[in-house]
Amino acid sequence: MAYYITETCIDVKDKGCVEVCPVDCIHPIDGEGEPMLYIDPDECIDCGACEPECPVEAIFAEEDMPDDQDRFVEINTKYFELRDDPEEWNEWKQEHAAEFEKTS
0 MAYYITETCI
10 DVKDKGCVEV
20 CPVDCIHPID
30 GEGEPMLYID
40 PDECIDCGAC
50 EPECPVEAIF
60 AEEDMPDDQD
70 RFVEINTKYF
80 ELRDDPEEWN
90 EWKQEHAAEF
100 EKTS
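Start counting the sequence shown at 0; every next residue gets the next number (numbering that gives the first Met the number 0).
Treat the hints with care, since some could be wrong.
[Said to hold, decoys possible] Heads up, simulated BS3-like pairs for lysine-lysine below, C-alpha to C-alpha not over 30 Å straight-line:
no. : residue 1 : residue 2
1   : 92        : 14
2   : 12        : 92
3   : 77        : 101
4   : 77        : 92
5   : 12        : 101
6   : 14        : 77
7   : 14        : 101
8   : 77        : 12
Treat the hints as calculated values from the structure; they're not laboratory data.
Start from the sequences and build out the full structure, keeping to the hints where you can.
What follows is the structure, given as structure tokens:
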């Protein structure tokens with residue numbers, strides 16, 4: 000299992016989680032122009048260190064993911080699948096723009 004970052008991180012991007020991650024699996028770093036941070040599910044060791052550091056409670060273990068946030072499992076995964084091809088990532092992001100909108 001892995002942890003994932005969800006909707007409440009959008010436009011917040013507090014980096015407390017980045018600082019405590021022992022495997023450096025939370026990205027992007029400043030300057031990459033993303034609306035939120037993402038956790039690489041292949042690199043995440045499921046330690047949970049990041050979860051309590053998030054001031055907006057945006058981080059969940061997959062098994063604890065609220066139903067209305069489950070789209071963020073795919074969003075986090077896709078970011079790491081496509082981030083080496085910025086054009087493809089931006090195209091995917093545009094096609095799924097509604098999924099990045101805050102609902103609350």
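For each hint, the structure was consulted:
| no. | hint | verdict |
| --- | --- | --- |
| 1 | 92 - 14 | 22 Å, holds |
| 2 | 12 - 92 | 18 Å, holds |
| 3 | 77 - 101 | 19 Å, holds |
| 4 | 77 - 92 | 9 Å, holds |
| 5 | 12 - 101 | 14 Å, holds |
| 6 | 14 - 77 | 21 Å, holds |
| 7 | 14 - 101 | 19 Å, holds |
| 8 | 77 - 12 | 18 Å, holds |
Of the numbered hints stated above, none is contradicted by the structure.
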